[in-house]
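Construct the entire structure; sequences and hints are all you get.
Quick note, the sequences are listed as chains A and B, same order. Each residue of the first sequence is one higher than the last, beginning at -8 in the working numbering. Each residue of the second sequence is one higher than the last, beginning at 7 in the working numbering.
Rather than coming from a laboratory, the hints here were simulated on the basis of the structure. The model shown is predicted, which means the values in this text are computed figures rather than measured ones. Take the hints with a grain of salt, since some may be wrong.
Below, computed lysine-lysine pairings styled on BS3-like, alpha-carbon distance capped at 30 Å [what the hints assert, rightly or not]:
#  : chain 1 : residue 1 : chain 2 : residue 2
1  : B       : K47       : A       : K59
2  : B       : K77       : B       : K25
3  : B       : K47       : A       : K33
4  : B       : K50       : A       : K33
5  : B       : K42       : A       : K59
6  : B       : K46       : A       : K59
7  : A       : K33       : B       : K77
8  : B       : K73       : A       : K(-8)
9  : A       : K59       : B       : K25
10 : A       : K33       : B       : K25
11 : B       : K42       : A       : K(-8)
12 : B       : K28       : A       : K33
13 : A       : K59       : B       : K50
14 : B       : K47       : A       : K(-8)
15 : A       : K59       : B       : K28
16 : A       : K(-8)     : B       : K58
17 : B       : K58       : A       : K33
18 : B       : K46       : A       : K33
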Amino acid sequence: KQEVTQIPAALSVPEGENLVLNCSFTDSAIYNLQWFRQDPGKGLTSLLLIQSSQREQTSGRLNASLDKSSGRSTLYIAASQPGDSATYLCAVGGSWGKLQFGAGTQVVVTP
Amino acid sequence: DTAVSQTPKYLVTQMGNDKSIKCEQNLGHDTMYWYKQDSKKFLKIMFSYNNKELIINETVPNRFSPKSPDKAHLNLHINSLELGDSAVYFCASSQVGQGGYEQYFGPGTRLTVT
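Right under this line is the structure:
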């Protein structure tokens, strides 16, 4: 049974620092891994999708890595801004697109 | 243009009632999903339809019945609502293929059962 864990559960950093968010999963037989952002009371916004054959994906200040063999993914956010404050969710993709989510990391970036 | 939309956004109802939530996607995707986010903010898949066919059916009470009239729509009907059904329900869609594709989520429907 796949289990997805996100560490830390919460993180507070001053503006300008780099953010490092970790995600681990127990079953390496995944199709892909997707990172989302969720603002309070809102839906999920997709940030990055990494296919199982890829090692990393980049979009602007965001970079996500994937190491299937060790069951880990890391989301890096460079030069954090107060607008980056949100909950970040990692989701592992299985067959038929079934996503299994971690519990999320709540991020606060202070000005 | 809204990619994945849900109605209603908020739903407040009493125990024992029956209610429906509707979802529509205009992305041309072939697969749609229902997820439930509980009070601890944990998201879990409930159902998935591919080309109107049910393909994922997690351990969900049979009071919950999804229906997909066409590829662009997926509705969720809940009978005999219970207090524990209070949660945020998210609809999502994707184009499922080898390797899987990006999943897009709707804004959610906050269901409160009193």
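Could you work out which of the previously given hints the structure breaks and list their numbers from low to high? 9, 15
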